[in-house]
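No gaps in the numbering here: position 291 of the sequence shown is 291 in my numbering, and each next residue is one more.
In case anyone wonders, no lab produced these hints; they're calculated from the structure. Some hints here could point you the wrong way.
Here are the simulated distance ranges between beta carbons [as the list claims (entries may be wrong)]:
#, residue 1, residue 2, range
1, Ala-252, Ser-38, 53 to 63 Å
2, Ser-257, Lys-139, 44 to 54 Å
3, Glu-366, Val-213, 19 to 29 Å
4, Lys-313, Asp-343, 14 to 24 Å
5, Glu-138, Asp-247, 29 to 39 Å
6, Glu-64, Gly-344, 17 to 27 Å
7, Ser-257, Ser-39, 48 to 58 Å
Derived pair list, reagent style DSSO-like, types lysine-lysine, alpha-carbon separation capped at 30 Å [claimed, not checked]:
#, residue 1, residue 2
8, Lys-88, Lys-123
9, Lys-139, Lys-113
10, Lys-312, Lys-248
11, Lys-112, Lys-87
12, Lys-87, Lys-113
13, Lys-296, Lys-312
14, Lys-113, Lys-88
15, Lys-108, Lys-68
16, Lys-144, Lys-123
17, Lys-108, Lys-151
18, Lys-304, Lys-243
19, Lys-313, Lys-253
20, Lys-312, Lys-253
21, Lys-108, Lys-123
22, Lys-88, Lys-46
23, Lys-351, Lys-312
The beta-carbon is built from N, C-alpha and C at its ideal position, and this holds for glycine as well.
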Amino acid sequence: MKRVSNLVHLFLCVLTCFILFSCASMQDDVYIENFSGSSEISDFEKRFCELDAIYFAGGSTKNEEFVKNAKALISEIELAAKNPSVKKAALARLYAIAGLASVDIGNKGEAKKFYEASAGAFKGDPRTLILAYRLGIEKNLSEKMNSFSDKSLLVLEIALTSFSQQDYSAAVAGYDEAFLSLDGFYRSSYGELRNTSWNLRNLPKDADSRNAVLLAQKSLTVMQMLLLANQNPEMLYNHTVGKKLSDKDLYAKISASGLLNPASKPLDSENSVTINTVVNRLIAARFLWNLYNEKKNTPNLLTKYSKAFEGKKRSPIPDVKLDSPDFDAALGCVENEIMHLEDGIEFAAEKEVSGLEFEESIRKIEK
Numbered sequence: 001m002k003r004v005s006n007l008v009h010l011f012l013c014v015l016t017c018f019i020l021f022s023c024a025s026m027q028d029d030v031y032i033e034n035f036s037g038s039s040e041i042s043d044f045e046k047r048f049c050e051l052d053a054i055y056f057a058g059g060s061t062k063n064e065e066f067v068k069n070a071k072a073l074i075s076e077i078e079l080a081a082k083n084p085s086v087k088k089a090a091l092a093r094l095y096a097i098a099g100l101a102s103v104d105i106g107n108k109g110e111a112k113k114f115y116e117a118s119a120g121a122f123k124g125d126p127r128t129l130i131l132a133y134r135l136g137i138e139k140n141l142s143e144k145m146n147s148f149s150d151k152s153l154l155v156l157e158i159a160l161t162s163f164s165q166q167d168y169s170a171a172v173a174g175y176d177e178a179f180l181s182l183d184g185f186y187r188s189s190y191g192e193l194r195n196t197s198w199n200l201r202n203l204p205k206d207a208d209s210r211n212a213v214l215l216a217q218k219s220l221t222v223m224q225m226l227l228l229a230n231q232n233p234e235m236l237y238n239h240t241v242g243k244k245l246s247d248k249d250l251y252a253k254i255s256a257s258g259l260l261n262p263a264s265k266p267l268d269s270e271n272s273v274t275i276n277t278v279v280n281r282l283i284a285a286r287f288l289w290n291l292y293n294e295k296k297n298t299p300n301l302l303t304k305y306s307k308a309f310e311g312k313k314r315s316p317i318p319d320v321k322l323d324s325p326d327f328d329a330a331l332g333c334v335e336n337e338i339m340h341l342e343d344g345i346e347f348a349a350e351k352e353v354s355g356l357e358f359e360e361s362i363r364k365i366e367k
């Protein structure tokens with residue numbers, strides 16, 4: 001009888017240990033799925049996503065503000081990770097975020113150290129896998145998807161990869177799927193990349209990567225405008241003679257040619273542009289109108305509209321005055337269907353021009 005009692009006692013002890021171990025394990029499993037609800041970690045995640053979206057949109061690792069913000073994020077994460085109360089699962093996420101930020105600023109050596117710390121702290125965080133993927137340690141995210149009950153971060157990463165590979169249709173599908181499950185700040189951060197993917201979804205996959213980056217821009221500098229125009233070697237052939245020029249030399253030649261000068265008034269300090277001037281619709285019209293007449297060999301038509309409206313009191317386009325340096329350019333681009341009136345009435349003269357909008361106009365000159 002005593003032996004039976006001892007066996008029962010032993011069984012109960014083993015059962016109790018098993019239950020306690022299972023509960024602890026279950027808590028860790030649940031924690032890895034839900035710890036991101038921590039306000040501090042969510043803040044780190046949000047800040048990383050904002051930086052990461054800039055990186056994928058073409059943000060340079062040489063941009064001082066970008067690097068400064070990324071380094072500040074990494075330093076704050078390292079400080080938070082020193083807190084002894086932080087659970088291992090949370091540490092894995094913190095180190096992974098720091099590692100990903102390091103990748104974005106080009107510091108892969110530091111990123112690898114963060115990966116090792118993340119993987120060593122806890123197994124099974126999707127951010128750790130994503131960091132391994134960006135470091136080239138993991139080659140295929142899709143094969144690992146079934147290991148996670150919440151796949152949304154991995155779906156987002158695959159969408160970002162598709163964006164980088166110019167597979168914009170796949171990127172749109174991935175973004176839309178991921179945003180359904182992720183917190184709202186992911187959509188706020190990566191939403192513009194999703195919209196750009198939608199706009200570029202019909203671009204051939206083998207399109208020049210630099211061209212794709214330029215097309216994705218919400219606004220262009222004068223230099224970027226010239227680079228887009230030069231994607232067709234014939235467009236600026238009179239000035240490049242088919243040679244591949246540096247950005248500086250291309251700008252110098254086009255500037256010297258007069259293509260960036262206003263047609264309706266002489267060039268002066270008030271209406272001149274520089275290499276970094278942000279292109280609004282009037283500046284775009286100026287360049288397009290000059291280029292259009294150069295292609296048509298019709299320099300005599302550059303000022304036809306200002307001559308026709310000489311002595312008139314009212315401009316046919318309300319937001320482009322008769323004395324505007326780009327009066328001829330605006331009217332010329334509208335009449336020749338190179339550009340359109342934004343609302344059928346006004347030109348939206350000061351509105352910044354996106355890469356896609358400029359590309360649409362430059363193609364009309366090619367025809």
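To see whether the hints hold, each was checked on the structure:
{"no.": "1", "hint": "Ala-252 to Ser-38: 53 to 63 Å", "result": "holds (54 Å)"}
{"no.": "2", "hint": "Ser-257 to Lys-139: 44 to 54 Å", "result": "holds (49 Å)"}
{"no.": "3", "hint": "Glu-366 to Val-213: 19 to 29 Å", "result": "holds (21 Å)"}
{"no.": "4", "hint": "Lys-313 to Asp-343: 14 to 24 Å", "result": "holds (23 Å)"}
{"no.": "5", "hint": "Glu-138 to Asp-247: 29 to 39 Å", "result": "holds (36 Å)"}
{"no.": "6", "hint": "Glu-64 to Gly-344: 17 to 27 Å", "result": "violated (43 Å)"}
{"no.": "7", "hint": "Ser-257 to Ser-39: 48 to 58 Å", "result": "holds (57 Å)"}
{"no.": "8", "hint": "Lys-88 to Lys-123", "result": "holds (9 Å)"}
{"no.": "9", "hint": "Lys-139 to Lys-113", "result": "holds (19 Å)"}
{"no.": "10", "hint": "Lys-312 to Lys-248", "result": "violated (41 Å)"}
{"no.": "11", "hint": "Lys-112 to Lys-87", "result": "holds (21 Å)"}
{"no.": "12", "hint": "Lys-87 to Lys-113", "result": "holds (19 Å)"}
{"no.": "13", "hint": "Lys-296 to Lys-312", "result": "holds (28 Å)"}
{"no.": "14", "hint": "Lys-113 to Lys-88", "result": "holds (17 Å)"}
{"no.": "15", "hint": "Lys-108 to Lys-68", "result": "holds (17 Å)"}
{"no.": "16", "hint": "Lys-144 to Lys-123", "result": "holds (13 Å)"}
{"no.": "17", "hint": "Lys-108 to Lys-151", "result": "holds (25 Å)"}
{"no.": "18", "hint": "Lys-304 to Lys-243", "result": "violated (33 Å)"}
{"no.": "19", "hint": "Lys-313 to Lys-253", "result": "violated (38 Å)"}
{"no.": "20", "hint": "Lys-312 to Lys-253", "result": "violated (36 Å)"}
{"no.": "21", "hint": "Lys-108 to Lys-123", "result": "holds (21 Å)"}
{"no.": "22", "hint": "Lys-88 to Lys-46", "result": "holds (21 Å)"}
{"no.": "23", "hint": "Lys-351 to Lys-312", "result": "holds (26 Å)"}
The structure fails to meet hints 6, 10, 18, 19 and 20 from the earlier list, while all remaining hints are met.
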